[in-house]
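The chain contents come next:
2 protein chains.
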Amino acid sequence: MSRYWSRIVHELTPYVPGEQPKIDGLIKLNTNECPYAPSDRVLQAIAAQTSADLRLYPDPQASSLRAAIARFHGLRPEQVFVGNGSDEVLAHAFMALLRHDAPLLHPDISYSFYPVYARLYGIATRDIPLRADFSIAVDDYLQAGGNGGIIFPNPNAPTGMALPLAEVERLLAGNPDSVVVVDEAYVDFGAQTAASLIDQYPQLLVIRTLSKAWALAGLRVGYALGHPDLIEALARVKDSFNSYPLDRLALAGAEAALGDTVWLQQTRERITRSRTQLTAGLQARGFEVLPSQANFVFARHPAHSGAQLAAQLRERRILVRQFARPQRIADFLRITIGTPAQCDALLAALDTLIAAQPPAAR
Amino acid sequence: MSRYWSRIVHELTPYVPGEQPKIDGLIKLNTNECPYAPSDRVLQAIAAQTSADLRLYPDPQASSLRAAIARFHGLRPEQVFVGNGSDEVLAHAFMALLRHDAPLLHPDISYSFYPVYARLYGIATRDIPLRADFSIAVDDYLQAGGNGGIIFPNPNAPTGMALPLAEVERLLAGNPDSVVVVDEAYVDFGAQTAASLIDQYPQLLVIRTLSKAWALAGLRVGYALGHPDLIEALARVKDSFNSYPLDRLALAGAEAALGDTVWLQQTRERITRSRTQLTAGLQARGFEVLPSQANFVFARHPAHSGAQLAAQLRERRILVRQFARPQRIADFLRITIGTPAQCDALLAALDTLIAAQPPAAR
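Protein chains in written order, with the numbering used here: chain A, 4 to 365; chain B, 4 to 365.
Keep in mind the hints are simulated off the structure, nothing from the lab.
Incorrect hints may appear among the rest.
A pair holds if it fits inside one copy or across any two, identical chains being indistinguishable in the list.
Unchecked claim - Straight line, CA to CA, 20 Å or less: simulated SDA-like cross-link-like pairs of lysine to any residue: (1) Lys25 <-> Glu170; (2) Lys25 <-> Arg44; (3) Lys25 <-> Gln345; (4) Lys25 <-> Asp111; (5) Lys25 <-> Arg320; (6) Lys25 <-> Asp62; (7) Lys25 <-> Ala55; (8) Lys25 <-> Ala40; (9) Lys25 <-> Asp56; (10) Lys25 <-> Arg288; (11) Lys25 <-> Thr264; (12) Lys25 <-> Ala313; (13) Lys25 <-> Ala70; (14) Lys25 <-> Glu272; (15) Lys25 <-> Phe137; (16) Lys25 <-> Ser67; (17) Lys25 <-> Arg317; (18) Lys25 <-> Glu318; (19) Lys25 <-> Pro63; (20) Lys25 <-> Tyr39; (21) Lys25 <-> Gln330; (22) Lys25 <-> Gln280.
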């Protein structure tokens, strides 16, 4: 607290990312990182750029990377915006496209960074409750009255549940007057992308990251796809904020990643296979597991407190994520899909915990 | 222009960085990059991080890099904030510390990104004219009435002229109630840093970059030094915007750079030596050259239009920067100090241009 602070700073409650502790031998299933190394092509491309040229600024337009992303999605470069992770892309989207008089709608259980961005930029929001089964009820976004925009992750976080493309389209068709942001951080693990709808719906912005399916959380690259008018708004805000958010190494590494679709396909298959096995293992131990299309599962045990289980797993050097709020999800654990060995270690630890602790301890 | 844009987007006039053309054989003296390769230690540190660990998020607090910066300056880590280039650090400073009811003061001839940030965040500003000799008149910042903050580069850009430390301190002593940001992007080439005043003046924020003296424009690392209260405000805004603005490679490279002070000292000496020679060469050709403490000079010829000279140099594959506005500096060229060979090539090109063109052509 300081008299030197801008007024808004006093009101901020920053987003708290999953912890990144430096503890050896940790099984880290708390921040939805990929358990496998990125493509060798990425490492080679970065090595090739680790040179005297680092003295030079990167391309402020990121033209080559944007062209590669456009090719990957069958779009044009002017339909692509890139940023320092999808979190930065989201921040610019809030400022550039979601700041209107009517409130922004988002699911009540969703990415907890959304209300943080909204507070930073003075945007009114309205939570729309998920259904009892934790699915997004599209009808609620059609009957909500005027809105200044809609944002939701697909698959949703932290539930992992996907909205079918037809439902996304129904939401778009019913909201022609406001921007609809579909945050597809986790789309590569089985959900349907809305990128195919971009030419039809000029109010659609799809946001992606290379942090999850591409195993590049450490490189900080995200992007948005949409009508060139939406992309221009993002570019105006970005160029009023920081001309060069992606360094030369990130630009090169990201472009190389997109060129290795074989790696992507193999990694996705490994993770979805492990997801099936982990889900079955959790269910066999009495957990309710929401149907996940992401690289994590969201699960609760009817007889065990989520906070307590998370703490007990931590004592055994296994990190998972648990959200104290809203109350409705407090007993869930969000568990990243690790390697088969990591998933087995988690299940073995749970066996000890669940056997050791009578239901009454809840 | 689009009905989907937030209102502010219509009013933005983004900053335009110096161009980064992909033309072979270009002599690039337009964006104040270092003409020499960064320290080998930087490249080695980046190579060591180019590994499977890129799948993991970076440290969101950048603890190790902040500790290294603190050691370098004899400060504590809680007096250090890091960001994606000093441009991002500046953006967060505008939002976190310079957004008040009274107008922000800055020199009328200064870093042209300042008014862009101000417009993005709805901050009123007041230009304070430089003196006739292009120096900053500290008295004007003492008698300006209430202000919501003060920001200026030291050395100033694009003039290259430095304000002595005693004058910076006089400005601080006379403005105890508002944040004073000293943007020291170019301080390593002969000016005096205000970092030594941080323990005395809780309203002082010093901003630095690794893009210039450290030859790492391509890596995007900047930082701020100040009282922990000011740093906390920056952290709150940053953590409401993007948890991880520095990727794993940038964190490692920046930390290694700060460890090689021998490299820094040698590079600074090479550049200041070339600056002396280039200044003499320009003066011998009739240019007025402002006294520079930066890695560039700001110079005009009494008989030649700045815009025309810049265009003619460009035809000869030599890029320099020229600012059309304000009118008072339109005939100046901002010339980055290159290698001795690049400086010689510039002078040789100017010989042709100045001889070929009679004064009347202006």
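Consistency of the hints with the structure:
no. : hint             : result
1   : Lys25 <-> Glu170 : neither (42 Å within a copy, 45 Å between copies)
2   : Lys25 <-> Arg44  : neither (27 Å within a copy, 24 Å between copies)
3   : Lys25 <-> Gln345 : within (18 Å within a copy, 47 Å between copies)
4   : Lys25 <-> Asp111 : neither (33 Å within a copy, 47 Å between copies)
5   : Lys25 <-> Arg320 : within (12 Å within a copy, 50 Å between copies)
6   : Lys25 <-> Asp62  : between (34 Å within a copy, 9 Å between copies)
7   : Lys25 <-> Ala55  : between (31 Å within a copy, 16 Å between copies)
8   : Lys25 <-> Ala40  : within (19 Å within a copy, 32 Å between copies)
9   : Lys25 <-> Asp56  : between (32 Å within a copy, 13 Å between copies)
10  : Lys25 <-> Arg288 : neither (30 Å within a copy, 59 Å between copies)
11  : Lys25 <-> Thr264 : neither (32 Å within a copy, 28 Å between copies)
12  : Lys25 <-> Ala313 : within (18 Å within a copy, 52 Å between copies)
13  : Lys25 <-> Ala70  : between (37 Å within a copy, 16 Å between copies)
14  : Lys25 <-> Glu272 : neither (29 Å within a copy, 39 Å between copies)
15  : Lys25 <-> Phe137 : neither (34 Å within a copy, 51 Å between copies)
16  : Lys25 <-> Ser67  : between (35 Å within a copy, 12 Å between copies)
17  : Lys25 <-> Arg317 : within (13 Å within a copy, 51 Å between copies)
18  : Lys25 <-> Glu318 : within (15 Å within a copy, 54 Å between copies)
19  : Lys25 <-> Pro63  : between (34 Å within a copy, 12 Å between copies)
20  : Lys25 <-> Tyr39  : within (19 Å within a copy, 35 Å between copies)
21  : Lys25 <-> Gln330 : neither (30 Å within a copy, 55 Å between copies)
22  : Lys25 <-> Gln280 : neither (29 Å within a copy, 50 Å between copies)
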